[in-house]
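> What follows is each chain in one-letter form.
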Amino acid sequence: MNAGHATISIRGIEKSFGEITALRGVDLDVGRGEVVCVIGPSGCGKSTLLRVINWLQPPDAGRVYIDGEQVGETVDANGKVRSRPEREINAVRARVGMLFQDFNVWSNMSALENVVRPQVVVLQRTRVEAEAIALTLLERVGLADQVNQWPDSLSGGQLQRVAIARALAMDPIVMLLDEPTSSLDPELVGEVLAVLQELATGGMTMIVVTHELGFAKNVANRIIFMDEGRIVEDGPPEQILRAPKTERLKQFLDMLVHV
Amino acid sequence: MKFDFSYTVDAFPRLLEGAMITVQVAFLSFVLSLILGTVLTVLRSFKIKPINIVIAIYISFIRGTPVLIQIFLAYYVLPVVGIDLSAFAAGILAVTLNSAAFMTEILRGGLASVPKSQLEAAHSLGLRTWIIWLKIVLPQAFIASIPPLVNEFTLVVKTTPLLAMITVVELMRVSQQIFSSNYHPVEILIGAFSIYFVICFVISRASVVIEQRFSMRRA
Amino acid sequence: MGLDYTIFIDYGPKILEGFRLTLIIVICAIFLGLPMGVLLAIGRMSSKLYFRGPSVVVLEVIRNTPFMIQIFLLYYVLPFYGVRLPAMLVGILALALFSSVYYAEIIRAGIAAVPRGQSESARAIGMSHSQSLRNVVFPQMWSIVLPPIANQTLSSVKESSILATITVSEMTMSALAVQGITFRPFEVFIMITLLYWLLNESIAFGVRHLEKYLQTRRGHRATTERTAVEVESSLEAARRMTR
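In the order they appear, the protein sequences are chains A, B and C.
Mapping the first sequence onto my numbering, position 244 (from 1) lands on 247, and the numbers just tick up by one.
Mapping the second sequence onto my numbering, position 217 (from 1) lands on 704, and the numbers just tick up by one.
Mapping the third sequence onto my numbering, position 44 (from 1) lands on 157, and the numbers just tick up by one.
Among the clues, some could well be false.
Covered by chain B, per the in silico footprint, the following chain C stretches (three or more residues, Cβ under 8 angstroms) [said to hold, decoys possible]:
no. : region
1   : 164-172
2   : 176-182
3   : 273-285
Note that these hints are calculated values from the structure, not bench results.
No experiment lies behind these values; they were computed from the predicted model shown.
Heads up, the beta-carbon is just placed ideally off N, CA and C, and yes, glycines get one too.
With these hints in hand, go ahead and build the complete structure from the sequences.
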């Protein structure tokens, strides 16, 4: 698998949490280097979808394939579905980069250590190697002067960029971004989007759940509109944003404009 | 197996007699401590400085010293200042005073959870202060405190074996009497151990049920 | 009836020797009990029944029986299995076991207080459950649980007096011994009462300062306001289980 060039395929994903159904049969294909933005009202299952792809939340039904390889489960010779061992699932997660709305930078270590530790612990790289890679990446996201700072003295935008460097240090083949800028003050959104745009033009396969329609318009190859656990519309940005086909999407876009 | 549990079985009748004393002591102390704790909580709410200081010292003393020492003080030191109590009475006194200190803290928490609006409504209806306390505030404070109160009762039960040290013939002392004559301490102690376990376990499970029943009545 | 001051002078050293032993016992019990508490907490949370079962059994049994009878049982049972320990070591073992149950509760609350996103991102990056505990959750948990654990030592100091029942020569036992010689319970018990109270207040004082120090340390601010309230309530529940 080449870094950043994997495909993602999802078939028939269903997921419920007790009474609440988050995903009702979702199919999706994302091609190599494609950037897909997911929009939709809150609670429509967008975050759950991302967490199903890297098996943080195994679905109740359906299959996930990353670069043709099934994630989380295998189908044996008799057609029976078996869970894959934790070891293999962890190995897949190591190659799937994930960003969170709350950044989730580890508060018990410095920015540099945040980027070094997973390389050493998960990828078994030597500390020397890991530090070199970490320093390069932190510089690339514009944090060269902050490498030894601790999370409690960094701004939201800086924290998210640490998270990006941390994800990139793992040589991801795919990236899943869950509202990466929703918790940021408006002035800080731009610096993060700039880095994400750079990743996209570099050929990274990305699924981005976001409210930033400007980003979606400029960077996405496709936009997907989800509502109540289903994909309602799927198409290029001009079509989705300027010529919505369904009533639900029209209402949603109207609501965004008026806020 | 090295242990002969027929000794346990044979000792059971006497152990259960001791357990009865244990439960009586625990129950009596608990009820007295509940009364004392309630009185202190109500007193504290009046915010009279000297009284609150005395209560604070009392609580600090109880919480800062071992229960065993408090029991010894009641049994060995009180006679020196003229108060001669039987072992049973000294034990009850010590355990009651000990539990009451924690009781006051528990009830303070329960009291704080009673919404101020209740007091205001009662006042505006013209009800007298002591009626408000008795009929409205205290019942709600108690119900809110049920889990920690039941927990406190199990703590009282677990304190009773210390009274064996001042010759009160409860379950622990009975066990000691038995095994000092038949030289099978493990078998006897396991019998007593199981009885204590059953008592405390049943009480703490019952607390869940009690809590549910009371909250349904309120609703 | 007057106060016999000579008691303090003649027998003071013996009492202080008991005080010293009390300190040793409590410190040993903490260092033994903490790892046991961690094991019990992890076992309690495990998804595998053969870890969770024994942990739950130990927790319920220790929590629902008096400390005094646990000491006695341990004292009398060990020789049957070939273990002949001096009373003080049996006492330390018993105190460690007893305290470990409360440590386990505190640690469980502490783990729950670490924001979920921290362990979620650790799993998302490919760490196993134990790697996420070791690298992310536990380090954050320690600064949260340190004050309640320090508070727990107050209970340990008071419980240590019960070791006198198996004649361990800590402070309470030495008081009983002196009282048996001098027949002056008043002076003797007043003396150790004050010593226990003093020890208690010193530890409580230390804990308050520990809490203040931890607030200012870096990394601690990561716990948001909301989480801080949740931590407090779950730790309060753990604290209420002890005297």
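> Evaluate each hint against the coordinates.
Right, here's what the structure says about each hint:
{"no.": "1", "hint": "164-172", "in the structure": "violated (count 0)"}
{"no.": "2", "hint": "176-182", "in the structure": "holds (count 7)"}
{"no.": "3", "hint": "273-285", "in the structure": "holds (count 6)"}
Hint compliance for this structure: hint 1 is the single one not met.
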